[in-house]
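J.: Protein chains in written order, with our numbering: chain A, 1 to 332; chain B, 1 to 262.
I should point out that these hints are in silico values taken from the structure, not numbers from a laboratory. Small disclaimer: the values here were computed from a predicted structure and weren't measured. Careful, some of the hints might be misleading.
Computed beta-carbon distance windows for the label pairs [unchecked claim]:
| hint | chain 1 | residue 1 | chain 2 | residue 2 | range |
| --- | --- | --- | --- | --- | --- |
| 1 | A | 38 | B | 210 | 33 to 39 Å |
| 2 | A | 38 | B | 233 | 27 to 33 Å |
| 3 | B | 154 | A | 153 | 31 to 37 Å |
| 4 | B | 34 | A | 34 | 45 to 51 Å |
For each residue, glycine too, the CB sits at the ideal point set by N, CA and C.
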Amino acid sequence: MQNNPSDLIVVDQLSKYYRVANKQPGFKGTLKHFFDRKTYDVPAVTDVSFKISPGEIVGFLGANGAGKTTLLKMMCGLIHPSTGLVDVGGFSPQRRQTAFLKEITLVMGQKQQLIWDLPPMDSLYVNAAVYGLSDNEAKIRINELAEMLELGEELTRPVRKLSLGQRMKSEILAALLHKPSVLFLDEPTLGLDVNAQARVRSFLSEYNKRTGATILLTSHYMADITALCPRVICIHKGKLFYDGDLDSLAISLSPSREVKVELKTPFSRDQFEKYGEIQDLNDRFVCLLVSRDKLTDVVSNLLTDFDIIDLEISDPPIDQLIGELFIKGEVN
Amino acid sequence: MQRYFKTIRLFWSTAFASQLEYQLNFLIELLAMLGTLLGSVFILSLFFTGGRQLGDWTWESALVIQGVYTFLDGLTNALLRPNLTEIVNYVREGTLDYVLLKPMDSQFLLSVKKFSFAGLPEIILGLSIVFWAAIQSGTSFSLYSLFVFIISLFIGFVILYSVWFLIAASSIWFVKTWNATEVLRALLAAGRYPISAYPVILRFIFTLVLPVAFLTTFPAEAILGELKFNILFFGLMLSSLFFIFSRFFWKFALKHYTSASS
Chain A
1 MQNNPSDLIV VDQLSKYYRV ANKQPGFKGT LKHFFDRKTY DVPAVTDVSF
51 KISPGEIVGF LGANGAGKTT LLKMMCGLIH PSTGLVDVGG FSPQRRQTAF
101 LKEITLVMGQ KQQLIWDLPP MDSLYVNAAV YGLSDNEAKI RINELAEMLE
151 LGEELTRPVR KLSLGQRMKS EILAALLHKP SVLFLDEPTL GLDVNAQARV
201 RSFLSEYNKR TGATILLTSH YMADITALCP RVICIHKGKL FYDGDLDSLA
251 ISLSPSREVK VELKTPFSRD QFEKYGEIQD LNDRFVCLLV SRDKLTDVVS
301 NLLTDFDIID LEISDPPIDQ LIGELFIKGE VN
Chain B
1 MQRYFKTIRL FWSTAFASQL EYQLNFLIEL LAMLGTLLGS VFILSLFFTG
51 GRQLGDWTWE SALVIQGVYT FLDGLTNALL RPNLTEIVNY VREGTLDYVL
101 LKPMDSQFLL SVKKFSFAGL PEIILGLSIV FWAAIQSGTS FSLYSLFVFI
151 ISLFIGFVIL YSVWFLIAAS SIWFVKTWNA TEVLRALLAA GRYPISAYPV
201 ILRFIFTLVL PVAFLTTFPA EAILGELKFN ILFFGLMLSS LFFIFSRFFW
251 KFALKHYTSA SS
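Please build the complete structure, drawing on both the sequences and the hints.
T.: Right, dumping it as structure tokens:
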């Protein structure tokens, strides 16, 4: 693979196997396990390759246990790859050199680093000291980020008294204090309500615009991905299975579009069958799945054949598509 | 270097602030510490009723050992216990990841993150007992004996720290919390009494295998002006070895952690 200097992150044929011991149940199994240990390798990530340019926001999609987190942790240096290569900004992450660590940050939605009994502000100054920021630099930086995150007096209240959303925003502030240029976010909106999710999202997109930082995130919430990530990388059973923009993923996942029609008077089911697959039929409302190439014909026929009040064309919901994708296990 | 000092200062001031969040707990810790201390002085006094001696130690010089023990116990409560027993939690909860991604030595961060101020009175008390008892036994201090005393205390602390850190680091494999604290407590408690009070075989073990003698007996001998120079030298070598080994072991443990964690 040719390394282009404009690539910030290069992942080349990366694999990670976990060695697992195979133990038979029961006492006999335990004895056997003790004297003659049989191990086998469980692949967590297999032969994954991609490149990421500076300033990109990339979403990693995959079911639980697909290998997203393993992949993310290999890129930030917490897990040693079994085979293959990771390069982040010219560094080999697993060596965890100081210069590399100062450029990256990791936020894990389900794990916190702020001191529980104290206000976030105390933890922030500790972090600033660890990264070698002067008090003055830290103050300017905290004010700047607090404003972007809409955090005010929450920063001087004990962490245990903050809401989950406020806590997450404080965690993000703590993680960004040292102006990292690569952000690894593992489920940053986990458990937040819709409003708090939206605020975290808009912050991330603004931060990316202002600083040009590269953001890699995993999320279970499709809304995070659709709102933030022009590019997605799908991981399924440890393998890379789609890498491209979100819109083409939707097209390749679903060659059909949804046509919703509101009619003046009710019609029976068989009258619609020739137009497309009926998703839903309810009194005067009909929802049809129509393949993209027939779409214009079908719509014009519908308009001439029926008395229509309203007509709406949309893609089927992407999270539903992705859900189906992971069940089917392949792209059409 | 300055960055490390500033980090320690901030770690400990935040630790102080978070302990004050729970005032009652803080008071109880202080009371518990006083109780333990009175108990051990009482036991020691029993040994000496009727003029008996422990090994070749008089009551006053044995009290110096008790003082050193109290001092080390205070340091343990202030620094070792709060930090090193936490390591297993970092491993279990996965927050060790955050520590590993900081641009600072991870062993340093894990070892100094907290400071329990309930250990401070014990530290002061321990030193007071040492000096009081040393004066009682008729010792005259010199700059040299004070210097040797400080060095030998340092040796003792480094050995204790390294052994404890080794055990704590092994939690990377044995993720569950096992009661390592109690094992070490017992080890340190063996150092409450002069090493020559033990049978020869134990004396040997406590000097060379589990260097309990270095924790309490040798510092006490130092302040009493009885420590031989070659023992001090040997102690310096031994504690450096322990410390270097603890660093090696941590690097090795991390290699295992980072290739296995998920």
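J.: Evaluate each hint against the coordinates.
T.: Results for each hint:
1. 38/A <-> 210/B: 33 to 39 Å: Taking Cβ atoms as reference, residue 38/A and residue 210/B lie about 37 Å apart, which means the hint holds.
2. 38/A <-> 233/B: 27 to 33 Å: violated, 51 Å
3. 154/B <-> 153/A: 31 to 37 Å: Since the Cβ atoms of residue 154/B and residue 153/A sit about 45 Å apart, the hinted range of 31 to 37 Å is violated.
4. 34/B <-> 34/A: 45 to 51 Å: Holds, since residue 34/B and residue 34/A (Cβ atoms, about 48 Å apart) stay within the stated range.
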